[in-house]
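Novice: Each chain, letter by letter, is given below.
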Amino acid sequence: MLVRLILFRILESLPTILGVVTLVFFLLHLVPGDPVDALLGETALAADKEALRKAMHLDEPLFSQYTQYISGLTQGDWGKSIINQRDIWTLITERLPATAQLAATSLLLAIFLALPLGMIAARFQGKAQDTAAMTFSLLGVSIPNFWLGPMLMLVFSVFLGWLPVSGMDASGSIILPTIAMGTALAAVLSRMARASWLESMQSDAIRTARAMGVSESTLWWKHSARMTAIPVVTMFALQMGAVLGGAVITETVFDWPGLGLLTIEAIQRRDYPLVQGCVLIIALFYVLTNLLADLLNLWLDPRQAMTIIMDTA
Amino acid sequence: MQSVNGHAVDLHQVLSGSTSTHWLGTDALGRDILSRLAEGIGLSFSVAVSVITVCAMIGISVGMLAAWLGGWVDSVLMRFVDIVLSFPGILLAIALAAVLGPGVENLIFALAAVGWVGFARLTRAQVLSLRHAPYIEAAIASGQNTIHIATKHLLPNIAAPLLIEASFGLAAVMIGEAGLSFLGIGIQPPDASLGTMIREGSQLMLVAPMQVFYPGLMLFLLVMSANIAGDALRDYWDVRSKR
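Which chain is which? The protein sequence lines are A and B, in order.
Using my numbering, read the first sequence as starting at 1 and increasing by one per residue.
Using my numbering, read the second sequence as starting at 1001 and increasing by one per residue.
Worth flagging that the hints you see were computed from the coordinates, not collected in a lab.
Since the structure is predicted, the reported quantities are computational estimates derived from the model, not experimental observations.
Hints may be right or wrong, so weigh each one.
As the list claims (entries may be wrong) - Below, simulated DMTMM-like cross-link-like pairs (lysine to aspartate or glutamate); rule was C-alpha separation at most 25 Å, straight line:
1) A:LYS127 - B:ASP1235
2) A:LYS49 - A:ASP37
3) A:LYS222 - A:ASP255
4) A:LYS49 - A:GLU265
5) A:LYS127 - B:GLU1105
6) A:LYS222 - A:ASP77
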């Protein structure tokens, strides 16, 4: 039954994926402005403009362009970059590992900071430790990563000389971008972890376990931790969007050669098919992360699976 | 604060430190940093308020329509909301702003295009919870028209969570606007935006570190103030947290 439910969830995400593809296509095609003018300039020769328009299939009806785009995607053809005529999928896969590496280290940093902080804040609710943890959370969500990045560079690279300023070739070059990208995520997750831990510790299950003589440490580490994990996993998946969107800015600040920097380079060169490809791949990752979080929640909380089965029966 | 013109270029005063005329010094074109900060804060705030106003108007209308009419209207509107929510908001705003081109109006459009969905979802949930409240049923039974019910009965009763959303939204939009300006696709020079000032300051970090420090600090304080206001409003209206 659980396998069928997982398959159902996967199938359910297909219309969302189609919707995302459609929205990306129409957003970049319906907004005012002619990409040919943007590329060649308004003073270019009419013949040159026409040739480029034909090469980009912009002379065809919009719906025809859309069906061609969808048909190309289903066959693995993401189109070609206008600037260097390289396959967009190849360009994306070349940059993907760098972004994946940065996203993974940022998420790990966020988890290792947020969960203990959330727990300490909940354990010492209303005391100095709670205030300190929640102050960190407030500062973390308020600090823009495109300012935190230069500040970290200034202190750790320029003044102290401990870490490289930018790029990804030197050893330790991942540390500063990780801190810049992971701080806000840690701040949001620690707040969510605190709230979840407090709520779970007030639940009937924990009250009963406490009445049965279960030790406080077992209550915190074994029983409450599992209950806390469910909303934290959901929030974690939701924050993936912020992480991936934030990658565009963080990678620009640190000259980190990932998908985010590729997106900005494509924007600066007005390479719209490449912009479209980059936005689409990041959005698809986001949809898949949410799907994974849904599935993980079903595993963590079998009651959710039962509710869905009862509703769909 | 703006007794000195923030646009006045003075090439004899390039990157000067703190003086009696220029309290926070000058930038690479000799313009007064304090005046530019004041202008940047004003611009950031006015863009943020405009975006939140547009988002609230669209989101509240869509949310109310979906909840009130239900059926296929609700399904279609909410599926669209789900799809927009499937994107990392800042990424969609970056793509839109890049295609639309620089300018304040385009920036407001790009940020509003991704920001309204939060209001729509929240409004729909709130209206659904009030849809069958006795006073709403009474208003319907007394023959009041739908717009009157929406504006006089529903809106005042869902205002609290919407104000909380607006406060946190203000913080997010201020970061979003500065982020787009930092990337060069938002507010353009010579207009002062905190984002463009951070970008210009980053390029001078080795010779004049305060050029990046001041605008970032201002943005950080602005965003933190909006977040604190959001927290305070939530604590004030959240019954559970008072128990």
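Novice: May I ask which of the numbered hints given earlier this structure violates, with the numbers listed in increasing order?
Specialist: Hints 3, 5 and 6 are the ones this structure does not satisfy, whereas the remaining hints hold.
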